[in-house]
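If you read the sequences in order, they're chains A and D.
Under my numbering, the first sequence has 257 at position 257, and the numbering climbs by one with no breaks.
For any residue, its number in my numbering is found by taking its place in the second sequence, counting from 1, and adding 328.
Think of the hints as simulated: they come from the structure by calculation, not from any bench.
Any given hint could be a false lead.
[As the list claims (entries may be wrong)] Simulated pairs of lysine-lysine, PhoX-like, Cα-Cα distance not exceeding 20 Å:
| # | chain 1 | residue 1 | chain 2 | residue 2 |
| --- | --- | --- | --- | --- |
| 1 | D | 540 | D | 558 |
| 2 | D | 450 | D | 439 |
| 3 | A | 217 | D | 407 |
| 4 | A | 217 | D | 439 |
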Amino acid sequence: MTPGDGTLRDSASAPKRGDTYSINWRLVLSVVVLQSILLVVSPPLVVFALIEVMIFALYASALNLLLSFSGMVSFGHAVYFGLGAYGLALSITHFDFPIALGIIAGPLVSAFFGLVYGILCVQLTAIYAAMLTLACAEVTFAVVFQWFDVTGGDSGISGHVPTMLGLEPYQFGLVVLCVVTVAILMLWRVVYSPLGLTIRAVGQNPARAAALGHGRKSVQLIAFVISAFFSGVAGTLFGIFHGNVFPDYVGILFTVDGLLMVVLGGLYSFGAGIYGAIVYKLLDNLAAHYFEYWQLVIGCIIVIVVLVSPSGIAGLVRRIVSRIGPRR
Amino acid sequence: MSQPALRVRGLHKEFGRFVALDSVDLTVDEGEIRAIIGPNGAGKTTLINVLGGQIVADRGSVEVAGRRLNRQHPHQVAKLGVGRTYQISSTLRRMTVFDNMLCAHNAVSGKWFSLSAGRLRKMEDAVLADLKAIELDGLADQVVDDISHGDRKRLEFGMVLATRPKVLLLDEPTAGMGLRERHELIDLVLAVTRERGLTLVFVEHDIDVVFKAAETITVMALGGVFAEGKPEEIAANSAVQDIYLGGTG
């Protein structure tokens, strides 16, 4: 090929486009094996940190489905996280569910509230919808906080499930790894399927999607419920991990944690939640260890990352990979 | 004679005190190519928006292929076989050209909620064929944000075609394009419209394009239909020339 002959690409050698949607099993397997080894060889304190990272990676990935793909912002996503833990606890303490059934009930409670609040929130768009998600979260927090007879109010619920199911930390870590891996692969399936394409079309341009025949509200509602469900899976795991549940779990701080992870990880990329959770939790642990005003340090780092790479860590990773990776 | 593709009766729409549409009557036959022209503020885009379901009129009726629209949402109107483009091209800017067309195919596949990635892979050949038909296959892997304005307009038109509409509503299909691309696009629009026997209603400011393409021209002014007729009748109509001069001068 002579330079400047106008040929943009040889279409025969172009990669097959459908492959973008395939799961990179080699990558998944390497990450799972590496993480398993880390869990087995690390001391308990590190294992605890790793478990927390995995749970938040799932929570942030579920939130990311909304932020990056569906065109919605949730300022109250801790509700669906926390209600997973409350669903588990209440189904055992108030309905005498066996633990196994309670674990299934947790995410379903989250999905149910995702449906109810979602129906309200998709009636509005943009900042108005986001404000409504915040309002729904505040209502939920108030109820959980004040309905002492049922939720235990400020003192929460504990003792309903043995901490980490009575397993050794590394064993519980392996269970979490399995659940989180399967859940994130399911989210991948959602995003890179006909449904995901529809969600992304509606998220990017509701007017064009409507002209193609998609109603915005129903599509966004589906995304909202899926996101709530997987947030609930993360919350249920978190409830088992600590063997308790407090109103904080549905509170604004957990919401902000999730939002920060996604932004730090990089909007409009599937890996945002995973990258964000790893880096944010790492900072959280390290900064708290070395600095007195550790939140200030984290805040500054986030500001710098967002300024240097608006596409977040995912954007940085993409740039590095494209520089050192094979050229096509 | 089959019923008209579009029949509009007594359409009225006000925005505050501004009368955008003032009892508009319009009948477009099946397979007809109709241009809507008129000075700025004449109500052309509002009319297109009412036909597409984006705006609900205050009074009056709209029938598409004999079916009366009754406050349907835009996506429901789209399903009745009305395809539209926007004055400012409306595409999925963060996706590739290929994925944009894939969205159109996915939307009409009837299984947009499926979780099977295999369904998307099966659409690949049809998507590429459609991109070839609008001569965008060379840009398939470009992100839409990075392609030219004219190519975006072309892509938007192609996506609308992929949804197999019976009636095409194009709001200024060539706005902001260079002279050559303008005529290339309108030639493409005409070729497809005739080949598939579609009904075409388009708003256009470029008079050359209008007279080249339209079989009938509707002139709008101040929210109403001012004149209607064959291109040569409109060209000879001195009153039309007056409002054009009066409206813009």
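If you check each hint against the structure, which ones fail? Hints that this structure does not satisfy do not exist here, as all of them hold.
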